[in-house]
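Chain by chain, the residues run as shown.
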Amino acid sequence: GAGVSQSPRYKVAKRGQDVALRCDPISGHVSLFWYQQALGQGPEFLTYFQNEAQLDKSGLPSDRFFAERPEGSVSTLKIQRTQQEDSAVYLCASSYQWRDSQVDGANVLTFGAGSRLTVL
Amino acid sequence: EDQVTQSPEALRLQEGESSSLNCSYTVSGLRGLFWYRQDPGKGPEFLFTLYSAGEEKEKERLKATLTKKESFLHITAPKPEDSATYLCAVQALLFYGGSQGNLIFGKGTKLSVKP
Chain Y
-16 GAGVSQSPRY KVAKRGQDVA LRCDPISGHV SLFWYQQALG QGPEFLTYFQ
34 NEAQLDKSGL PSDRFFAERP EGSVSTLKIQ RTQQEDSAVY LCASSYQWRD
84 SQVDGANVLT FGAGSRLTVL
Chain B
223 EDQVTQSPEA LRLQEGESSS LNCSYTVSGL RGLFWYRQDP GKGPEFLFTL
273 YSAGEEKEKE RLKATLTKKE SFLHITAPKP EDSATYLCAV QALLFYGGSQ
323 GNLIFGKGTK LSVKP
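Going down the list, the protein sequences come from chains Y and B. According to this note's numbering, the first sequence is numbered sequentially starting from -16. According to this note's numbering, the second sequence is numbered sequentially starting from 223.
The following block holds chain Y by itself, in its conformation from the complex (with noise of 0.2 Å):
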C-alpha cells in the first residue's frame, strides 16, 4: 500500500480485556517496529522485527504484551488482561532497511497513523 495502515484507530477496552492491534506496513518494507505514545509525550520503542524474526523486544513494558510477524508482512501486537496503564497510542512504523546503511533514506521510519487504545 501506498502508507502503513493501522486498525484499528480506537479502542476501548474494559480492565481485563485482550486487545489485538494490526499494522499493515509498506510493501517490502522489512524492518518494522511497534511504539508506545502517551499522552504529551515522545514514542517510546517497543519491539523491533526484521521480516518475520523479532530482533528486540526489550521495550514491552511486561509479559502482557506480545508481537508476531509471522510472514513478514503483517503484524499484531496483543496485549492481554489490559490495564489502566495501558492507554495510549500505539504507533507501527516500517523501513525498508535499517541497521548499518547510511544510504539516504535508509533509516528513515515511515509511521502509521496510530491506534488510540483507551481502557476503562
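Simulated from the structure, these hints should not be mistaken for laboratory data. All clues given are correct.
Under the rule of at most 27 Å between Cα atoms (straight-line distance), these lysine-lysine pairs were calculated in the DSSO-like manner:
no., chain 1, residue 1, chain 2, residue 2
1, B, K264, Y, K(-6)
2, Y, K(-3), B, K264
3, B, K329, Y, K61
4, B, K264, Y, K40
5, B, K332, Y, K(-6)
6, B, K264, Y, K61
7, B, K329, Y, K40
Partial pick of chain B residues on the chain Y-facing surface, computed with a CB cut under 10 Å:
no., residue
8, R253
9, P266
10, A311
11, N324
12, G328
Per label pair, the in silico range of CB-to-CB distance:
no., chain 1, residue 1, chain 2, residue 2, range
13, Y, P(-9), B, S274, 36 to 46 Å
14, B, S240, Y, R(-2), 40 to 50 Å
15, B, P230, Y, P53, 35 to 45 Å
16, Y, A3, B, T248, 32 to 42 Å
17, Y, E68, B, P302, 30 to 40 Å
18, Y, T101, B, K264, 15 to 25 Å
19, Y, T101, B, E223, 26 to 36 Å
20, B, P262, Y, L103, 19 to 29 Å
21, B, P262, Y, D1, 23 to 33 Å
22, B, R234, Y, D1, 41 to 51 Å
23, Y, T101, B, A232, 18 to 28 Å
24, Y, Q80, B, G276, 18 to 28 Å
25, B, K264, Y, K40, 25 to 35 Å
26, Y, R47, B, E237, 44 to 54 Å
As the structure is a prediction and not an experimental result, all values here were calculated from the model. We put the beta carbon where it would ideally sit given N, CA and C, even for glycine.
For chain Y, the structure is supplied; the task is to place chain B on it using the hints.
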C-alpha cells in the same frame, strides 16, 4: 543511559517570527539524529536525518543543524501551517560498530504559529 531532551516544551510564535528548537542528546555513540513533525491525531512524519557534527539540512522554512551534543531546528518566517509538534530522535551506535535498531525520541516541542 541514552536520552534526548527537547526545549522548549511549547513555543508560540507570530507568523513571520523566526526561532529555533533545541534537542540535546546523550548517547554512547551517535549513528544518526532524526527530526520528525507530528500533527494531532497522526503519526510522526520524517523531516531530516543528520549523521555527523557540522552537518546541515534544509527544507522550505526549516533548517536542521548538528553539533556533538545538540541539534537545532531553525524555523525562518514561519506560517500557521508550520504549527505541529516537532520530535527529535537519536539512533545509537553499538559497541561493536553496528547500529541500535530503535530510535530514542524526545518529548517534543509543540509549536503554535499565529497569523
